[in-house]
Every structure is written in structure tokens, then in C-alpha cells.
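Undergrad: Note that the protein sequences, when read in sequence, are chains A and B.
Heads up: the first sequence at position 173 corresponds to 173 in full-length UniProt numbering, and the numbers run straight through without jumps.
Heads up: the second sequence at position 194 corresponds to 194 in full-length UniProt numbering, and the numbers run straight through without jumps.
Wrong hints could be hidden among the right ones.
If you want the footprint, here are the derived chain A segments under chain B, 3+ residues with CB under 8 Å [said to hold, decoys possible]:
| # | stretch |
| --- | --- |
| 1 | 72 to 84 |
| 2 | 180 to 192 |
Pairs of lysine-lysine residues, derived as PhoX-like cross-links and limited to a Cα-Cα distance of at most 25 Å, are as follows [to be verified]:
| # | chain 1 | residue 1 | chain 2 | residue 2 |
| --- | --- | --- | --- | --- |
| 3 | B | Lys106 | B | Lys169 |
| 4 | B | Lys127 | B | Lys221 |
| 5 | B | Lys227 | A | Lys3 |
| 6 | B | Lys106 | A | Lys3 |
| 7 | B | Lys127 | A | Lys6 |
Source of the hints: derived by calculation from the structure; they are not laboratory data.
Nothing here was measured: the structure is a model prediction, and the numbers come from that model.
Note that beta-carbon positions come from the ideal geometry of N, C-alpha and C, so glycine has one too.
Spelled out from the first residue to the last, the chains are:
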Amino acid sequence: MEKRFKVSYFLNFLGVLAVFFLFVLLFENNAFGRSTQYIKGISTTACYTIIMVASLNLVVGCMGEFSLGHAGFVSVGAYASAIVSNGLTGKGLPDIALFLVALLAGGIAAGLTGVLVGIPALRLRGDYLAIVTIAFAEIIRVLFCNLSITGGGKTMSGIIKLSNFYWSFWIMVVCITVMYMYVRSRFGRTVKAIREDYIAASASGINVTYYKVLTFTVAAFFAGIGGGVYAHYMTAMIPTNFNFMYSAELLSEVIIGGIGSITGSIIGASFLSSLPEMMRQFSQYRMLAYSVVLVLVMIFKPGGIFGAWEFSLIRVYERLTGRKGGWEKSRKKTEGGV
Amino acid sequence: MLKITNLAVSYGAIEAIHGVSLEVHDGEIVSLIGANGAGKTTILRTISGLKKADKGEILFDGADLLKTEPSKIINLKLAHVPEGRHIFPQMTVEENLEMGAFTDGKDMAANMADVFERFSRLKERKKQLAGTLSGGEQQMLAVGRALMAKPKMILMDEPSMGLSPLLVKEIFSIIREVNKKGITILLVEQNAKMALSISNRAYVMETGKITMEGNAGEMLKDDRVKKAYLGQ
């Protein structure tokens, strides 16, 4: 079991490396001709969107609660990291260190906000919680529109451009790995138990509020990191970027990808962040396209494209080589063992 | 072992429990019977901290439960099997049992082997999602999960709810068996006849008060109980 686990992580790492080098190869050889830079940009967008969507999936999928204010956390992370990197530029730090410090600051700021919002809000469930999270994101937006440190409603520009595709890619990989490990850990399972039946969970001695706030905080932390990558890619932003529509967009990406599936979040986020670019000509109909996709998914695949299913390289490998009796058996193994 | 004195609990402005006192001794099965809305479930929920009390005292092995965090109560080895088979439907049987050992995972493997020995049906369905089990199996799982915490006492809320007569019999024989292993049981039931037949002592509740208490065997023969709860 232990060995299979290690092999699985190793295989996944090889897979990630392969994908990375594929991108490097394509970009460095100008495979798309003149649009290479443009596609590189979209891929960077996809990377930070994946972080944000996967973090929202922790709340929606793992914890089973709807949060409609995820843009609030993204915004806190984006502004905090931008302020930190502005303050630290020219202090002789190498770019990568500056970037990581800024992202960490963004993540921590968003995480702290997550604790502050989570403690009172997570006593609520379902629709009530969703409303509180909307209110929270609006408060953040209005607050940032009025604070001078965030540019006070004007565009905050001149943020140093630190996000390139290669760094964003690896940051995304690290974030996804940590989130995946969280879901598969004891904590993740406890939170799932709370989602399943909170009465039974508290009867088993689980401190329901604690685990919910913890998950909310982890989700907020990663949303903040996503926001940091966003800020250092866009180099200019305005608080109204992070409005309700942005939260709704993130949520629809979670739902389309599959509630509870990190694979789904990755595919959903990359698909939906490149979709508007593919239809640049009719960009004002973008939300319409979203809605149509959402309706279609809800009709034909109510659990999202991937449901709760996770892609696993070791499963593919075992299926190809016919070891351990293929998919069905190994599925049971992973479910029972980790 | 468990001693409740003068407990009062209310939902908003309405007081549901008016000064109830009851006691459960070591090794006993005590049942709490009564009609719908008498407050039986409320008492259990208050004991395990899911509901706050207005006044009164609940002592378990000398510890004041009203001053204990709900998530810490299980550490005192007092388990609660909630009403209506609260299991984790999207988790496997095995994972459900693991959650039962949440606060104390030291002897988890041994405990699980014990539970599987007692409930062979659960062992067969170890890897199955709990939501796909039948009603009786789900109730067994709920009891099994409570046993995973190695409790000294179990609070059982309506274990016979929604089960066929045959399964009700099975569940009650399980309860008796669990008790024989030295676990004290406080049983809340609507099925008064079954509950009284396996209990040592019993309390009868009506609209938030205890109206009768005594030996379970005698109560089975009591005219008032017969008339009100046994339909005779």
C-alpha cells in the first residue's frame, strides 16, 4: 500500500514534468507562430484560475457549502501581495524570492480574513452561508475602493510583473498538490464526514466548527495565492474586478468541472479561462456562453463533468499493464487505504 | 454512572423539559419511553451537548457534562447513537467506523476487528458506501461506530425507528449483547414493549416531565403503562 502510494506520487510528478516540458517545447519553438506570446498569457491565466477554482472546490466540494464570495479572498490576496512586493522592490531581493514572499503574504492575509469571516459565518449552513459570503465579498470590495493603500477605487497600477508562465505553472502544481493532500488527509476526511452528516459527526466527537473554519481558511489561503499570481500578472487592478460576477464565475467553473473533483477544477478552470479568449469577437456574450454551458452540464451531468472522480496516473498504468486487476479493484484500494 | 438532576431545557421561549431527574447505574440498561414530543430526544441531545440546558446538572462519572465541550464528551467514553440512523452515506463502511475512532485511534484496528466480529454483515460490506446499506445494516453501522470509541456508556435514540419487526428484534438483541460486555445503555424508545423487555429500569416521560419510574418488568405489567403505551 505504502509503496503504491509512493509510486503514484512519483508517476504524477513525472506526468507533471512531461506536461511542463511539452509547454516549454511549444513556447520556446514558437509553435504557434505570432500568437505564442498570447497563448502563453492565456496559459498563465489558466494557472492562477486553477488555483482559485481548486481552492473554492475545497469549500464547495469537500465541505459541501456554497461560498459566493470567493472573489473577496482573491482580492485580499491580490492587494496584500501587491502592496508587499511594491514595498520590497529595489531592496535587492532576487525576483523569485520577492515573488514568493509576496504570494505568501497574500495567502496569509487571505487566510486570516478566512478565519475572521469563518468563525461567525460557518455557524450558518446552506443558503444563509452563501448570503453571508456574498456580503463579505461586497464589504471587501467597498473597503478597498475607499482605502488609500489600495489605490482607493482607482486602478492600482505599476505592480511589478513577476508572474510568467513557468513560475505560475510550478506554483499551481505546488498549490494543487497541497490541496489534494489536504483532501486525502485525516482533516479532509473529517470535513467530508461533517458534510455527510453533521449530527453524526459531532456525535463522533468532531469539533464541527473548528474543522469547517480550518477548511475555509485553507481555501482562503490558496485563493489569496491565486490572487497574488493574478496581481503580478495583470500588473494593474481595480477593486471592482473582484465583484460578484467574478465569484459566480469561479463557482460555475467548480460546478462545471465537478464538485469535489480537483481534476475537474483543473479542466474546468483551464477550459473556461480560455473560452472567453477563443471567442474574443463576441466577448460581451461570454456570460451567456457560461450560462448555456452550465445549463447543459446540469441537464446531462448534474455532478459536473468529472463528478467526484479523480484522474490518477497509477490507475492508468495499472490498467495498461493489467496489474492488480485493473480499475475496479484499484479504485477500491485507494478508497479504503489512504 | 449518569445522574441528571432537575434539568430544564427550552427551545426559544418554550420550555420542553421541566425539571427532569434521572439516574443510570453502572452496567444497566435504562429505557426512557413516552409519546412523541415528550422530550426524550431532547434529553439525549442535552446529555451529549448538542443542545444547551437552561438549568440543572448532568454528571457523568463525576464530570459535569453541561460544562464540557460537545466534542470532548466522547473522550469521557460516552457515545451517542443519534436518532434516524445518522451515518456518513458517501463514505465506505470502513471509513464510517474509522470516524467513530476519531478522538482515540490507538486501538483502532483491534476495535474494528471486534465490531466486524459482532456484525459480520458489516464486514462483508466493508468497502461499500454506507448509503447503499439497508436500514437495519445502517443502524448496525451506527451502533458499530459508537462502539469504535470504546465507550463505557451509549445513549441510543430510537434504534428501532423505521425497521421491520424482524430487524427490530435483531437490533434489540444486539443492544442486550453490547450491554453484556459491560457497556451501560440509556435507551430512548417509542417501542415501549421491546424496550421494557430488555431493560432493567425505565422512566416514562410525558410532556417534558417524568411521570413514572421503576423496574422495567413491573412496568410491563402496570395498567397505566399498558393502556397508554402498549395498546392493551
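Undergrad: Against each hint, give a clear statement of whether it holds in the structure.
TA: Going through the hints against the structure:
Here the stretch 72 to 84 of chain A counts 0 residues with a CB under 8 Å from a CB of chain B, which misses the bar of 3, and the coverage is violated. Counting residues of the stretch 180 to 192 of chain A whose beta carbon lies closer than 8 Å to any beta carbon of chain B gives 3, which reaches the threshold of three, so the coverage claim holds. Taking the CA atoms of lysine 106(B) and lysine 169(B), the gap is near 33 Å; set against the 25 Å cutoff, the hint is violated. Annotation: proposed proximity of lysine 127(B) to lysine 221(B) is violated, straight-line Cα distance about 46 Å (limit 25 Å).
Between lysine 227(B) and lysine 3(A), the direct Cα distance comes to roughly 65 Å. Violation of the 25 Å bound is thereby established for this hinted pair. Only pairs whose Cα atoms come within 25 Å are accepted, and lysine 106(B) paired with lysine 3(A) is accepted, the gap being roughly 23 Å. Between lysine 127(B) and lysine 6(A) the CA atoms are separated by roughly 23 Å; this keeps the pair inside 25 Å, and the hint holds.
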